[in-house]
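Undergrad: Put chain B on the given structure of chain A with help from the hints.
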Amino acid sequence: AQSVAQPEDQVNVAEGNPLTVKCTYSVSGNPYLFWYVQYPNRGLQFLLKYITGDNLVKGSYGFEAEFNKSQTSFHLKKPSALVSDSALYFCAVRDLGSQGNLIFGKGTKLSVKP
Amino acid sequence: EAGVAQSPRYKIIEKRQSVAFWCNPISGHATLYWYQQILGQGPKLLIQFQNNGVVDDSQLPKDRFSAERLKGVDSTLKIQPAKLEDSAVYLCASSLWDSGNTIYFGEGSWLTVV
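Chains A and B, in that order, are what the protein sequence lines are. Per this note's numbering: the first sequence = residues 1 to 114. Per this note's numbering: the second sequence = residues 115 to 228.
With the rest of the complex left out, here is chain A (with noise of 0.2 Å):
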């Protein structure tokens, strides 16, 4: 079966630091990996996704990913934290064996602090 770890509940970053949130996969086949982000009382905002090609993925407001087969990672990055980056953040792969749901990891909250 398809799954995602998101092994942080809670990651800290200083304003204008690079920050890291972490997701390692676990699927049969090539995966399909998405990067997701919930602002307080919203939905979720779709940020990039991985289905073939170059491994670092660029995404919105700044946000990129890398994709690591050997590690089985896909960790999502920006160079410059903003304070507006806070916010949860959803790591989730494409069940290909299941008509193509979304499978989430547990959800990592960011917070970026003046």
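Hints were generated in silico from the structure; no laboratory data involved. Do not rely on the hints blindly, as some may be mistaken.
Calculated lysine-lysine pairs in the DSS-like style (CA-CA distance at most 30 Å, straight line) [to be verified]:
1. A:Lys106 <-> A:Lys69
2. A:Lys49 <-> B:Lys158
3. A:Lys69 <-> A:Lys58
4. A:Lys77 <-> B:Lys158
5. B:Lys129 <-> A:Lys106
6. B:Lys125 <-> A:Lys109
7. B:Lys125 <-> A:Lys106
8. A:Lys106 <-> A:Lys58
9. A:Lys109 <-> B:Lys158
10. A:Lys69 <-> A:Lys49
11. A:Lys106 <-> B:Lys158
12. B:Lys158 <-> A:Lys69
13. A:Lys22 <-> B:Lys158
14. B:Lys158 <-> A:Lys58
15. A:Lys109 <-> B:Lys197
16. A:Lys106 <-> B:Lys176
17. B:Lys197 <-> A:Lys106
18. A:Lys109 <-> A:Lys69
19. A:Lys106 <-> B:Lys192
TA: Just chain B now, with coordinates in the frame of chain A:
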């Protein structure tokens, strides 16, 4: 392009009462999903439609939850009777029919059962 529309945004009901949530997907999206997100967890699929047919409802508690997508566009999710543990955010999402396509989410319907 209009996003996924959901209503109502917030609902408070007493246990054993009923509630219904409505969703209008992005125009042209054949696939529609309902997810349940309990506080502190990632979203979990309740039901997936392809046009007006059910693709996956294996995780839908069918003794109290029902969903329909008449005419292959709008969808309604109903809970009757509600239990305290149904307190959650109900997220509607839609996508084109292809596993590489992005799933887009609405703002969610926040249910509190008291």
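Undergrad: Confirm or reject each hint.
TA: Status of the hints after comparison with the structure:
1. A hinted pair counts as satisfied when its Cα atoms are at most 30 Å apart, and A:Lys106 with A:Lys69 qualifies at roughly 21 Å.
2. This hinted pair checks out: A:Lys49 and B:Lys158 have alpha carbons roughly 19 Å apart, not beyond 30 Å.
3. A threshold of 30 Å between alpha carbons decides the hint, and for A:Lys69 with A:Lys58 the separation of about 17 Å falls inside it, so the pair holds.
4. At roughly 25 Å between alpha-carbon atoms, A:Lys77 and B:Lys158 fall within 30 Å of each other, so this suggested pair holds.
5. For a cut-off of 30 Å, the pair hint linking B:Lys129 to A:Lys106 stands: about 27 Å separates their Cα positions.
6. A C-alpha spacing of about 25 Å is found between B:Lys125 and A:Lys109, which places the hinted pair at or below 30 Å, so the restraint holds.
7. A distance of roughly 24 Å separates the Cα atoms of B:Lys125 and A:Lys106; the hinted pair therefore holds under the 30 Å criterion.
8. Simply put, A:Lys106 and A:Lys58 have alpha-carbon atoms about 23 Å apart, close enough for the 30 Å limit, and the pair holds.
9. Distance hint between A:Lys109 and B:Lys158 is fulfilled; the C-alpha atoms sit about 18 Å from each other, no more than 30 Å.
10. A distance of roughly 15 Å separates the Cα atoms of A:Lys69 and A:Lys49; the hinted pair therefore holds under the 30 Å criterion.
11. Under the criterion of a C-alpha separation no larger than 30 Å, the hint pairing A:Lys106 with B:Lys158 is consistent with the structure, at around 10 Å.
12. For a cut-off of 30 Å, the pair hint linking B:Lys158 to A:Lys69 stands: about 25 Å separates their Cα positions.
13. For the hint linking A:Lys22 to B:Lys158, the alpha-carbon distance of about 20 Å falls within 30 Å, and the restraint holds.
14. Using a Cα cut-off of 30 Å, the hinted pair B:Lys158 and A:Lys58 holds, with the two alpha carbons roughly 26 Å apart.
15. Of the pairs offered as hints, the one joining A:Lys109 and B:Lys197 holds, with about 28 Å between alpha carbons and a cut-off of 30 Å not exceeded.
16. For the suggested pair A:Lys106 and B:Lys176, the alpha carbons sit about 25 Å apart, so the restraint of at most 30 Å is met.
17. Proximity of B:Lys197 to A:Lys106 is assessed by CA-CA distance (about 23 Å); at most 30 Å being required, the pair is judged to hold.
18. About 25 Å separates the Cα atoms of A:Lys109 and A:Lys69, which keeps this hinted pair within 30 Å; it holds.
19. Taken as a hint, the A:Lys106 and B:Lys192 pair is honoured in the structure, with Cα atoms around 25 Å apart against an allowance of 30 Å.
Hint compliance for this structure: every hint is met.
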